[in-house]
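Per my numbering, the sequence shown starts with residue 144, numbered consecutively.
In case anyone wonders, no lab produced these hints; they're calculated from the structure.
Be aware that a few hints might be false.
Cβ-Cβ distance ranges computed for the label pairs, FRET-style [what the hints assert, rightly or not]:
1) P623 to R394: 45 to 55 Å
2) D322 to I210: 37 to 47 Å
3) G194 to M217: 52 to 62 Å
4) L460 to L347: 21 to 31 Å
5) I445 to A605: 55 to 65 Å
6) I395 to A605: 50 to 60 Å
7) R238 to D322: 16 to 26 Å
8) I169 to P623: 23 to 33 Å
9) I562 to R295: 47 to 57 Å
10) A225 to I445: 17 to 27 Å
11) T203 to I449: 42 to 52 Å
12) A173 to G272: 47 to 57 Å
From a predicted model like this one, the values you see are computed outputs, not experimental measurements.
Every residue gets a Cβ at the ideal spot worked out from N, C-alpha and C, and that includes glycine.
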Amino acid sequence: MKVSSSTVKVELSKAIQRLRPNLWTILVIAIAFVISTPVISVLSNIFTNSGEVWKHLAQTVLWRYLINSFWLTMGVGVGVLAIGVGTAWLVTLCRFPGSRLFEWALLLPLAAPAYVLAYTYTDFLDYSGPVQTILRSLFGWGEGDYWFPNVRSLWGAIVMLTLVLYPYVYLLARVAFLDQSVCTLEASRTLGCGPWRSFFTVALPMARPAIVAGLALALMETLNDFGTVQYFGVETFTTGIYRTWFGMGDRIAATQLAAFLLLLILWLILLERWSRRRARYYLATSRYRQLPSYPLRGIRAIGAWIGCFLPIALGFLLPALVLLDMTLKNLSQSLDERFWGFARNSFILAVITAALAVVIAVVIAYGLRLHSDMGMQLAARIASMGYAVPGSVIAVGILIPVGRLDNAIDAWMRATFNISTGLLLSGTITALVFAYLVRFLAVSFSSVEASLGKIKPSLDDAARSLGETPTSTLVRVHTPMMWGGLLTAGMLVFVDVMKELPATLIILPFNFDTLAVRVYNLASDERLAEASGCALAIVAVGIIPVIVLS
144 MKVSSSTVKV
154 ELSKAIQRLR
164 PNLWTILVIA
174 IAFVISTPVI
184 SVLSNIFTNS
194 GEVWKHLAQT
204 VLWRYLINSF
214 WLTMGVGVGV
224 LAIGVGTAWL
234 VTLCRFPGSR
244 LFEWALLLPL
254 AAPAYVLAYT
264 YTDFLDYSGP
274 VQTILRSLFG
284 WGEGDYWFPN
294 VRSLWGAIVM
304 LTLVLYPYVY
314 LLARVAFLDQ
324 SVCTLEASRT
334 LGCGPWRSFF
344 TVALPMARPA
354 IVAGLALALM
364 ETLNDFGTVQ
374 YFGVETFTTG
384 IYRTWFGMGD
394 RIAATQLAAF
404 LLLLILWLIL
414 LERWSRRRAR
424 YYLATSRYRQ
434 LPSYPLRGIR
444 AIGAWIGCFL
454 PIALGFLLPA
464 LVLLDMTLKN
474 LSQSLDERFW
484 GFARNSFILA
494 VITAALAVVI
504 AVVIAYGLRL
514 HSDMGMQLAA
524 RIASMGYAVP
534 GSVIAVGILI
544 PVGRLDNAID
554 AWMRATFNIS
564 TGLLLSGTIT
574 ALVFAYLVRF
584 LAVSFSSVEA
594 SLGKIKPSLD
604 DAARSLGETP
614 TSTLVRVHTP
624 MMWGGLLTAG
634 MLVFVDVMKE
644 LPATLIILPF
654 NFDTLAVRVY
664 NLASDERLAE
674 ASGCALAIVA
684 VGIIPVIVLS
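Turn these sequences into a full structure, and let the hints steer you where they fit.
Here it is in structure tokens:
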């Protein structure tokens, strides 16, 4: 068959056009490179000589960091799985008094950061707190007459983190259970499986990917935690990074600790994927009927009600009431003029970060929609990997290159214009906003990508047939249609920024404290009553994602 030269030229021009990078591809790749800079910075310092400091850390505290981090993640993992999966199964498959209310109320502990619970329960369970005071008055005990568990310990940190992180597992497990068909459970029962065996052998394995995803999020947040473990005196990698950076003044050793923690997280991710290997979980039938609701009565209904109420009471209601009581009793101190300054600073950071995160997420999601090749998918995955990286690691990875850039700019300005720019980036909120973007871009991207995915591709074709460019199509067609998703993405990032502590503590510029930092500083000085107003404000703002998710 003869092929004309004109046909060859057309095909060749099309191939060149496909290979030629366009603006959206360049933007997405550039964003992925910038977002990955902190991780690259941390990993590049693994083999840098830090002198005697690293040797000292390896001989004294490194194994302690590793062991404490291991038991912390193990304890929290078991706790969030037990509470999250158990409550998700109860509210999905069973009906008992209050079950409808529990469906969304079980998300309320997401509103309170773990460090706020740590400060609250320390005051509540302290020797002079209400619990021990009531016990002494009831039984006539004096000091030394009884034993009371010390909440400021490893097990206390496990409990605090479990109470605020189980909603990750609960939410994803419940969605997975709702997506399952009753036909699969009926098939297992015809083969002789009872209800409990059907749950463990059919429903639970089918929900495993969602449950593991929720568990992974909870464990990442556990390794990211700083306020709880620092206040409880539990030495983990996050406290070690902070102490090495500010206590010993050694940035290289702190970076190497951050790299160690980062490699540990990557190992956990790879281990989970290896455990799945080629396993796949599909519905075995196309016949779908919604799962039935089994009514619970008597002792079973009471047990289910208590099992769902306790996590809410301990993870949200009790801390919120304690904080409210402390705030009202110390109103002039907890809500003074400085409180509004801290709230303003937190608001400014949260709004700037949320707006930038939404815009960047739109660019990535739309670029991926236009060109969904392997390179673009890899770039999008890299750009949204920050949520798996602890805030302390991101902060360390940002400050070293940004500090060098600051020094280079200052030296050039001095030599050229005889002007000192000082710490232009690391001395302002610029570096902090960048750290927030690296950490929380994944939050906005997931929401934006889901909203954009609901828009039919035929609308793009129709817009192009009317002469619209990709950019004008995004602005005039897509943006109005996914406005709700953009607002949701912005609100979720806003709340996460308000609660973030590790990265804020390390990068925060001088004289620009936020609500989270104010709570940490006052709690470290045992001034919990003064910290109650700021802590209560953080919890109140944290209710926003609960409303969105429910």
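For this session: Identify every previously stated hint that the structure contradicts and give their numbers, smallest first.
Result: Per hint list: single violation, 3.
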